[in-house]
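**Q** Here are the chains, one letter per residue:
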Amino acid sequence: MVVTDGASPLPAAVLWTESIHRERPWYLTLLRNRRLAIGSLLLLGVLLVALLAPLLATHSPLLVRPEIRLSRPSAEHRFGTDNFGRDLYSRTVYGARISLLVGGMVALLAALAGTAIGLLGGYYPRVDIVLMRIMDGMMAFPGIVLAVGIMAAMGPHVSNVIAALAIVQTPRVVRVVRSVVLSLRGMQYVEAARCVGVSDWRMLWRHILPNCISPLVVQCTFIFGEAVLGEASLSFLGVGTPPEIPSWGVILGEARLYIRSAPWMIFLPGTALTVTVLSLNLVGDGIRDWLDPRLRKTM
Amino acid sequence: MLAYLLRRILLAIPVMLVVAAGVFLLLYLTPGDPVSVILGPDASPQQVSELRQRLGLDQPVPIQVTRWFGRLLHGDLGQSIYLNRPVTQTILERAEPTLLLTLLATLFAILVGLPIGIVSATRAGSWADLGAMLVALGGISMPSFWVGLNLIFVFAVVMGVLPVAGYQPLSKGLWENLRYLLLPAVTLGFAQAALLARMARSLMLEVLREDYVRTARSKGLVERKVVLSHALRNAMVPLITVMGLTFAILMGGAVITEQVFNIPGIGRLLVQSVLRRDYPVVQGIVLVIAFNYVVINLLVDILYGLFDPRVRHS
Chain A
1 MVVTDGASPL
11 PAAVLWTESI
21 HRERPWYLTL
31 LRNRRLAIGS
41 LLLLGVLLVA
51 LLAPLLATHS
61 PLLVRPEIRL
71 SRPSAEHRFG
81 TDNFGRDLYS
91 RTVYGARISL
101 LVGGMVALLA
111 ALAGTAIGLL
121 GGYYPRVDIV
131 LMRIMDGMMA
141 FPGIVLAVGI
151 MAAMGPHVSN
161 VIAALAIVQT
171 PRVVRVVRSV
181 VLSLRGMQYV
191 EAARCVGVSD
201 WRMLWRHILP
211 NCISPLVVQC
221 TFIFGEAVLG
231 EASLSFLGVG
241 TPPEIPSWGV
251 ILGEARLYIR
261 SAPWMIFLPG
271 TALTVTVLSL
281 NLVGDGIRDW
291 LDPRLRKTM
Chain B
1001 MLAYLLRRIL
1011 LAIPVMLVVA
1021 AGVFLLLYLT
1031 PGDPVSVILG
1041 PDASPQQVSE
1051 LRQRLGLDQP
1061 VPIQVTRWFG
1071 RLLHGDLGQS
1081 IYLNRPVTQT
1091 ILERAEPTLL
1101 LTLLATLFAI
1111 LVGLPIGIVS
1121 ATRAGSWADL
1131 GAMLVALGGI
1141 SMPSFWVGLN
1151 LIFVFAVVMG
1161 VLPVAGYQPL
1171 SKGLWENLRY
1181 LLLPAVTLGF
1191 AQAALLARMA
1201 RSLMLEVLRE
1211 DYVRTARSKG
1221 LVERKVVLSH
1231 ALRNAMVPLI
1241 TVMGLTFAIL
1251 MGGAVITEQV
1261 FNIPGIGRLL
1271 VQSVLRRDYP
1281 VVQGIVLVIA
1291 FNYVVINLLV
1301 DILYGLFDPR
1311 VRHS
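Keeping their order, the protein sequence lines are chains A and B. Going letter by letter, the first sequence gives residues 1 to 299 in this note's numbering. Going letter by letter, the second sequence gives residues 1001 to 1314 in this note's numbering.
So that you can see chain A by itself, here it is in the shape it has in the complex (with noise of 0.2 Å):
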């Protein structure tokens, strides 16, 4: 989809840069940003759910009644029960918060280590050569394997799942901060700064680091998305979240065992799982052609 102008019935000579921003003020475009606008609204949804957990769970979602399990969608239990007579839409409404939280910290941890590892990179090509040998070694595991690998050796449990996923995630923030560093470190503003006697890190943290800010923040929304995936992938494997826990991937991975008796059990997780991943594409589709409207072309 296009986003079309809507300042585009004025004569060209009004189209620059420079007039655009002032008639149209920077929370305004925002605003017209669709993507952004869906996305945030869907992901604001998915955090009220967890935070709200409490009140909007009709049972508990580790409450075991056998005599009820795998049982239809009724008024008592709107979407089923599971193997265990848990409810469903409970573990579900519980769920969001494991993800929120595994996403959140991995988006968090991976932004840390890739933006020191990063600026050091780009930085010092000395170091350069050694860290980006080992960043292209870790890339050649695709995510999924390299995080059941440091799971198998970590063994089961929520935090392990975030140290996994933020240690497969690390290199492409380093990508994204890396190159910003090298585009910056000929600029004549960086040569100035070093000819006023600008010590390296003073170099790095005030002029350097500023300008990573915006790419940064694009890739995180994405890492937040793929660590929701990643955690989902894990628990439902079985290699991830602990069974007890509710988590979207533990309780999928049940319901792939009693897909032919009670198939209701794929529907409400694997959607708000969807939603949750969507919104955040969405939000780094919207924050990444707000920063850069020359990227204004993929849906």
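In short, the hints are calculated from the structure, not lab data. Hints are all accurate, no fakes.
Label-pair ranges, simulated between beta-carbon atoms: (1) Val198/A <-> Phe1307/B: 44 to 50 Å; (2) Arg78/A <-> Leu1275/B: 30 to 36 Å; (3) Leu182/A <-> Leu1025/B: 24 to 30 Å.
Coverage of chain A stretches by chain B, computed from C-beta distances (three or more under 8 Å per stretch; other residues unrestricted): (4) 132-144; (5) 229-239; (6) 273-282.
Derived contacts from chain A toward chain B, CB cut-off under 8 Å, selection only: (7) Val148; (8) Gly149; (9) Ile150; (10) Met151; (11) Ala152; (12) Ala153; (13) Met154; (14) Leu252; (15) Ala255; (16) Arg256; (17) Ile259; (18) Arg260; (19) Pro263; (20) Ile266; (21) Gly270.
Where a beta carbon is used, it is the ideal one built from N, C-alpha and C, also for glycine.
Based on these hints, arrange chain B on the given structure of chain A.
**A** Just chain B now, kept in the frame of chain A:
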């Protein structure tokens, strides 16, 4: 060309070394002693020391590293603890379903994703374009295992036209084999098809705005020819890398798909081995899949140099 070839191969060697070292280090991520984790709390001291010796953990670390790399050079990935057989042999026996599944999924991703992206770009802004891109956005947001579960529900449980899960080897006949691999291949290839469609569309849109495309149109060329032989050629350059790597990427995704459909391939063996705490097999499979990626990446680079002299001389 020869210099380019050598340079590419030389660049791939450190990556392989990092991969091999990383897989070696995996065992050391275990909190505490890996041997007692493998055997559980009830193991006798004798069993512990026996396994420690078998895994070579009784040796000093430098010797362990040397042995690990030495064995790798011989294609020896060690012995499985659970199956009590060489890891290499076990992996080779399980390779057929994974390779066929990945191959079919790659074909699906390219044959479906690419044309949709190109057609969407030529009709940018139309309802067909909007619809296709909405589906593609959903495709990259849906977890593959949920796509798989939905396909099983529709085609196997409700319609009953395809098997729910399982696998028939190629030796039982091509048709039987395909019947079992059809849903898994679509499941595995779906997200990559969506990704390729999005990429192809945005690259085509960029190229279609170029001056030489306007020249081609203004000299009266048929639109089909402008799109296919002028624009597409240039848009294809970055796409070839993605298409080449699709096979390598999807082999990682096969871990999940095989679990959804109970396919006895390498991916399912990986998950089973994690649950059995069979570390040598886990290490072996992770290593094989990563090496596969490095080798395919190298081949793509070499092909690139072959087709595009600019790459060779940069």
